[in-house]
Amino acid sequence: MHYLPPLKQGSNNSAVKDQVIYLSTPETTAFTVNAYIGTATTPAASFSISNINPGVYTLPDGDNDITMVKNDNTGVVISNSGLRFETLGGQKFYVNYRGTSSAQATSLTSKGRQALGTKFKWGGAPNYATTSEITTSLGIMATEDNTVVDITGYDPNCEFRLQNNRGGITSNTLQITLNKNQSFVLEAYTNQTSANIDGWLGASIASTKNIAISNGGLNYGVVASSSGSRDAGIDQPVPENKLGKEYVFIRGNGRDDTEFPILIGTQNNTEIFVNGATTPIATINNGDYFIVPGTNYSSSTPGANMLVTTSKDAYAYQNLAGSSGVQTIGLNFVAPVNCLLPDNMDNIPDITNAAGTTLTGGITIIASTTTPNNNITVTDGSGTVTLPAPLAVAGSSDWKTFYLANLTGNVKVQSSGPIAVGFFGVNANRGIAGYFSGFDTVPEVGLVVTGGGCLPGSDIQITSGTYDSYQWYGDGTLIPGAIFSSYTPTTAGDYYVKVRKGTCTYDSQPLSAYYCDPDIVIKKTADKSEVLEGESVTFKITIESFGKDPVTNIVVTDVMPPGFTLVSANPTVGSWANPNWNLGTLNAGSLESITIVATANELPSNVESETVTNTATHTQNQTDRNYTADSPTATVTVHNDTDLDGIIDSDDLDDDNDGILDTVECASAGGTNVVFNGDFSSWYYNGWTPDGSNWQEPNPGLFAFYEEYNTGTKPLYQNLTVVSGTAYILSFEVGTVSTYLNSSTLRVYLGGVLVYSKLSDQMSIENGGDTAHTGGGNLSNTAILSIPFTATSNSAQLRFEGVSTAQPHDEFFLDNISLIPSNACADSDGDGIFDRVDLDSDGDGCSDANEAYNNANADGGDGGQYGSGTPAVNSNGTVIAAAYTLPADTNTNGIYEFQEAGAAPNINAQPINQTVFVGANATFNTTATNVSTYQWQVSTDSGSTFSNISNGTDYFGAQTSSLSVLNTDLTKNGFLYRVILTNANYICDETTSTNALLSVKVKTVITNRRITYRVNKN
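For the sequence shown, UniProt numbering gives the first residue as 1, with consecutive numbering after it.
These aren't lab readings, by the way, just hints derived from the structure by calculation. Watch out, some of these pointers could steer you wrong.
Claimed, not checked - Calculated lysine-lysine pairs in the DSSO-like style (CA-CA distance at most 30 Å, straight line): (1) Lys523 / Lys412; (2) Lys972 / Lys1001; (3) Lys209 / Lys17; (4) Lys498 / Lys540; (5) Lys540 / Lys528; (6) Lys17 / Lys412; (7) Lys92 / Lys523; (8) Lys523 / Lys119; (9) Lys540 / Lys501; (10) Lys119 / Lys528; (11) Lys92 / Lys412; (12) Lys70 / Lys119; (13) Lys119 / Lys498.
In this text, all values refer to a predicted model and were calculated from it rather than measured experimentally.
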């Protein structure tokens, strides 16, 4: 008995046009197979088949409403579609559907009676194709009257076809009632909504009586970046109670992005392991799917293999390709491997023929390692085929694989041990695949809960036969000592038993045990543990019932905490009305979830990071006994990135990219925040302890302590009082003598932990990009270092060790050492913004960069960050172009200019116009404050241009507040004078006085009568 439910393609002939069903059998005596369409009781066709005489059933083209339904028959109950094949004598036979079109091909192998059941998952591959006529479909066929089918668990945003309306079915759940041999077809047209790409994948199909389903893509594509990724891929799965946990996949001829397994969970917390790994590659819940990347195959060549095992029963599909083209894909539903697999496959008929299209292809074989290679015989239309060398399966000692290409005719495989056989083929753009073995030999070990039927007080027992040994598992984990035919569980969960009979070992199907009283488990997770302000976080809340009876009127409450703003909430069932998820009823073993997206709010500028905790609660009509611990809280740290350089402030050594280290900007935070901040201006400072004379002070206030002479380790240390759990930043300046590079190593310990160790010749590049600068005297490269440290107790020793060689004068110079809490910082101008994130720390209108570097153009004139444009930074957030020298302190008062408000000079009295007689001196005066320098200028062209004045025969006081113009003559009549004033403590601006006019006149009294001179006495 075989059932073939109908399916739906995107449009007529787009995926399949020519269609043929091949009937083959291992039986040597001919028998009759009858084919029935829909609910018909009269055969539509009959075939006499035997091992050497397969049957061929040629179907009408395209949307024939038998195997491929038209729009009118989609989304509604139909009676005249679908096929069933029957024999009167119960003989074994294969049913293989093959369909082709001008550019596509596909195959589906019926699973016979093993395909019948009451619980399924909608399977296939995500449909990423971007071309038109792309669709995924599900066909359901009933075997008895009054069969109620529920389809649940798909994305509520999915939209399914209702006859001519592609999005006519929008319900979050579906219930269909079918009579015997009636069918129902769902179509998820991919371009209708993005949810149709994969929102259907893993949906549950549950029925009150046995049904068969088929599923797949007609057409579908798996490479989202390729518009040509399109082919047909369909297959028929078995129900959930006939699955397994161990699968071997054999690679086809495709690329990594077209060759991969797809695992679909049937139980929560299903772990997936690849190639014998002990760490799961993924953990999925009931209805979730996971694609195992094709890179996990043993190689990239055809015939490579992959072992996938799961902690609980799961569906396994394989996407593979006939060639390297992304348009030659196919889909197989894969049977689990077990020691009860048959020892023969007889046969795959006419392997190169796909409904009239000639293929180039072959088969794959999974065989037991205990079977000698010589005991495996493959024959095709040309006779016996030479078997290639087997390929071992990583992670398994039980299985080996074979890959045989270019076969023809009817293909048969005979072995003395268990085998599983699949086939593949390609013709230009057409790819095809099928799987012929293993579905009729899934072992069935029945389990039942005895006693009261719930926990505590019940056992789980085997109901089918006796075995040589037993080992029980709970939720996929071996239970030590549980080695008998029954087991008494103490906690709710999924249980199965591994049994052995002779040399064959296999697993029972799982059985769920539940508590007698309500036990509701809520868990909350976040997709990110750290985010930047403005970024989104996706929270997921799952709620599961481990009690045997339904829990009603469940409401999950999730109040978004300060620090996050709700964006959206999408539950799998029920409805959301902020902050409540009204779930309704939860049955035993049911798990539902809600996905909540929130945005991290902007942090205050002074806050490097903030940890936000989000907790969910729940209420219901029943009392939760809390047998199982909840985990309702998710914690996310929100980080600031003040300068938007991609380095979060807590990792950024220069939070505002002004070219000044944060430790320098914060070092004067004051109060108890500063553990110490010394410049070694005296021989000893604040309790520093050197070891003898090996650490000396060559020049107090410069580079204060250095280590010299002899070999060995010479420490300089101070015992500090800190606060356990507090994060600090250690900053210090270090240098070496250039004469003896490569000669010694500086080690720094803080709280007993080595936080720094470098050879002296590496001082210019230490700590991942801190920029070195040149010190005074005989010093070579020196650098300011910043090292994070978190105290683990309330005391810590800071210890510098110079580890020298035998060279004399192996020297390290240390200066400007500070250890401050990472959240402590100066606010020089009292504006509430820490200096480390303030581009004008003293609020005087002059950028920190300009003042620190004593260069009016250090910030490039475009916003305060160092240099022009957006600065390039190192991985630690320092600006690559900045030197990070100690900031300027031009008035040497111990306060850096960027933290000491300055101002441009202020003129109290402007220079005024002067009128003098020829030969007399003229004086221009100004009175001003905040002045460091004066520079008088003169214009000889009525103010168009000015030039600086120097003292000489014509001028005196050119750099003072009073300018004298000496021995004036008529050539200076009409000259304009002004003064430029600067403040050395304010690099950003200068002050220019108003212009003053010089008028030079001659006297009205003539004393030389020999000169004729007309005088205007006015």
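Going down the list of hints, with the structure as the test:
no.	hint	result
1	Lys523 / Lys412	violated (52 Å)
2	Lys972 / Lys1001	holds (10 Å)
3	Lys209 / Lys17	violated (33 Å)
4	Lys498 / Lys540	violated (34 Å)
5	Lys540 / Lys528	holds (11 Å)
6	Lys17 / Lys412	holds (28 Å)
7	Lys92 / Lys523	violated (49 Å)
8	Lys523 / Lys119	holds (26 Å)
9	Lys540 / Lys501	violated (44 Å)
10	Lys119 / Lys528	violated (35 Å)
11	Lys92 / Lys412	holds (15 Å)
12	Lys70 / Lys119	holds (27 Å)
13	Lys119 / Lys498	holds (23 Å)
Consistency note: the structure conflicts with the earlier hints numbered 1, 3, 4, 7, 9, 10.
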